[in-house]
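S.K.: Model the full structure from these sequences, guided by the hints.
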Amino acid sequence: MSGKHVPLELMAYLDNELSRADADQLKTHLEECEMCLVELERLRALRQTLQTTVRQVMQRVRLPRAADRRIRERLARHQQRIVQDIRT
Numbered sequence: 001m002s003g004k005h006v007p008l009e010l011m012a013y014l015d016n017e018l019s020r021a022d023a024d025q026l027k028t029h030l031e032e033c034e035m036c037l038v039e040l041e042r043l044r045a046l047r048q049t050l051q052t053t054v055r056q057v058m059q060r061v062r063l064p065r066a067a068d069r070r071i072r073e074r075l076a077r078h079q080q081r082i083v084q085d086i087r088t
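Each residue of the sequence shown is one higher than the one before, counting from 1 in the numbering used here.
With beta-carbon atoms standing in for the labels, derived distance ranges:
#: 1; residue 1: 83; residue 2: 37; range: 44 to 52 angstroms
#: 2; residue 1: 28; residue 2: 67; range: 46 to 54 angstroms
#: 3; residue 1: 78; residue 2: 27; range: 39 to 47 angstroms
#: 4; residue 1: 82; residue 2: 8; range: 36 to 44 angstroms
#: 5; residue 1: 57; residue 2: 19; range: 30 to 38 angstroms
#: 6; residue 1: 52; residue 2: 28; range: 26 to 34 angstroms
#: 7; residue 1: 73; residue 2: 5; range: 50 to 58 angstroms
#: 8; residue 1: 82; residue 2: 41; range: 40 to 48 angstroms
In case anyone wonders, no lab produced these hints; they're calculated from the structure.
Here a beta-carbon is modelled for each residue, glycine too, at the ideal position from N, C-alpha and C.
M.R.: Next comes the structure, spelled out in structure tokens:
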């Protein structure tokens with residue numbers, strides 16, 4: 001991994017998708033490569049900003065109570081059908 005930049009591996013690393021061996025290799029690379037380390041920090045900050053933004057926006061999104069109730073009732077009926085199908 002040393003000697004090349006690893007942007008795709010950085011995303012996989014942030015998502016905990018690398019094997020232990022690959023994660024260890026990436027950590028070693030980051031110790032040697034300032035450019036990738038800066039990019040990793042940029043990606044972490046971007047992820048945090050996106051999570052915060054989505055959370056703030058979604059707090060303002062509210063369904064009317066009647067719609068929420070209908071959706072929950074349909075989901076409950078759907079779950080009951082699935083359970084019945086499994087049992088038969």
